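K.L.:
Let the sequences and hints guide you as you build the complete structure.
2 protein chains.
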Amino acid sequence: MPGAYESIEKRTELVRAASGLLHEQGFQRTTLAHVAARAEVPLGNVYYYFKTKDALAEAVITAHETGLRELFASWVAAHREPRQRLRCLVRAPLDSADHVVQFGCPHGSLCQELEKLGADAPLAKAGARLLAVYIEWSEDQFRAHGCGKRESRALATDLVAAVQGTMLIAHTMRSHELLTQQLRRVERWLDETLSSPRPRSRS
Amino acid sequence: MPGAYESIEKRTELVRAASGLLHEQGFQRTTLAHVAARAEVPLGNVYYYFKTKDALAEAVITAHETGLRELFASWVAAHREPRQRLRCLVRAPLDSADHVVQFGCPHGSLCQELEKLGADAPLAKAGARLLAVYIEWSEDQFRAHGCGKRESRALATDLVAAVQGTMLIAHTMRSHELLTQQLRRVERWLDETLSSPRPRSRS
DNA sequence: GTCTATAAATTGATAGAC
DNA sequence: GTCTATCAATTTATAGAC
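Heads up: the sequence lines are chains A and B, in that order.
Here the first sequence is numbered in my numbering, starting from 1 and rising by one per residue.
Here the second sequence is numbered in my numbering, starting from 1 and rising by one per residue.
In case anyone wonders, no lab produced these hints; they're calculated from the structure.
Take these hints with a grain of salt, some might be off.
Okay, derived cross-link-like pairs now, DMTMM-like style, lysine to aspartate or glutamate, Cα gap no bigger than 25 Å in a straight line [unchecked claim]:
no.	chain 1	residue 1	chain 2	residue 2
1	B	K53	A	E24
2	B	K149	A	E177
3	B	K149	B	E187
4	B	K125	A	E81
So these bits of chain B aren't anywhere near chain A, every CB distance computed over 12 Å [stated by the list, open to error]:
no.	residue
5	Y47
6	Y49
7	A73
8	Q84
9	A132
Computed from a predicted model, the values in this text were never measured in an experiment.
Quick reminder that beta carbons are idealized off the backbone N, C-alpha and C, glycines included.
P.N.:
And the structure:
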């Protein structure tokens, strides 16, 4: 019975290998030969599971998307207060601080690179979904906290922009300290924002 | 006398062409053939001016660096108040809003891509200098405003992270409106931050 | 200094045996 | 389903005529 199961395991292993390499080296620099080697699968076999390199990258993004949604759902399950949930988002990069400092945000950097393929490229659209997941979930939490619809959207964008920008800078400077300290500042901003009595956009 | 001048003009033209293509397509996807075509220079001639593709990219980054410093200097010359100067930084993306929405930040996206070459790659280090120029200049302005040394560094990082994150999201979403509105919010944050009576880090 | 032709290496993708 | 061998295209870089 190994046969039937090995195929889905190999597929999964290919996606895992590709996911890591896309984070470490980016899409363009990652070759299918390298992915195959890391997954311990012969090069030619890759094409049995994925018709093209793009298809493999899309599978990686889909896996990221699923993983993100599960992670977000776990925060919702763990905390009743939206403020606590959003804090999880801000602190999340610290859980993989080493990777973030060394390679940047696995979603943000991938998204930025894939956008260079052109606005109408399927992969670019797939990458954009990753950022959308971040923003939409954050928006939901601000709504749940009691913020207005437009304000929630704007706050969510503020938050994701701050976290993404922080990861970009901390990665570029290769600084754990910068990542930690700046994320703490984002968290403070978040606390102050959610504490102020129902911000009415027109202050 | 054309001879002597044409050579430096061609060099400049190659850098200009490469600069545009690096912004539009990224480093990896930009071929020297494409650069040569846009600069209206035969492919083989590129190597007379630049030993390698990397050398051309470094010239582009150096040009960006020079341009940034000149731009920042012009803001210093135009405004006596650091607050006004920093406002220029926040509003700058609006001057080329179309390009930013379509291709992202020419410095941030390049920096992010080049980091994938590895921490010790010369091009990665060159790209990192671009972000450093932003942060250091901003830091100087916060200092001039009267903020403490550590606080200025942190505020500068906050600011650049917010602007970079905003450009990433606005580009990904291809939204002029998002770019405009979120930058306005960053500006409001900047105003509030600089208005509060000398933030003492320990609030 | 300028340009054409081409070498050399890489890499996405396929053919076809097993 | 699995794997080897290889094609075909791309692209950096060079050789060498002018």
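K.L.:
Against this structure, judge whether each hint is valid.
P.N.:
Going through the hints against the structure:
1. B:K53 - A:E24: 22 Å, holds
2. B:K149 - A:E177: 16 Å, holds
3. B:K149 - B:E187: With a Cα-Cα distance of about 22 Å, the restraint between B:K149 and B:E187 holds, given a limit of 25 Å.
4. B:K125 - A:E81: 42 Å, violated
5. Y47: 22 Å, holds
6. Y49: 25 Å, holds
7. A73: Holds, because the least Cβ-Cβ distance between B:A73 and chain A comes to about 23 Å, which exceeds 12 Å.
8. Q84: 22 Å, holds
9. A132: Its Cβ does come within 12 Å of chain A, the nearest being 8 Å, so this is violated.
Violation of the numbered hints given earlier is confined to hints 4, 9; the remaining hints are satisfied by the structure.
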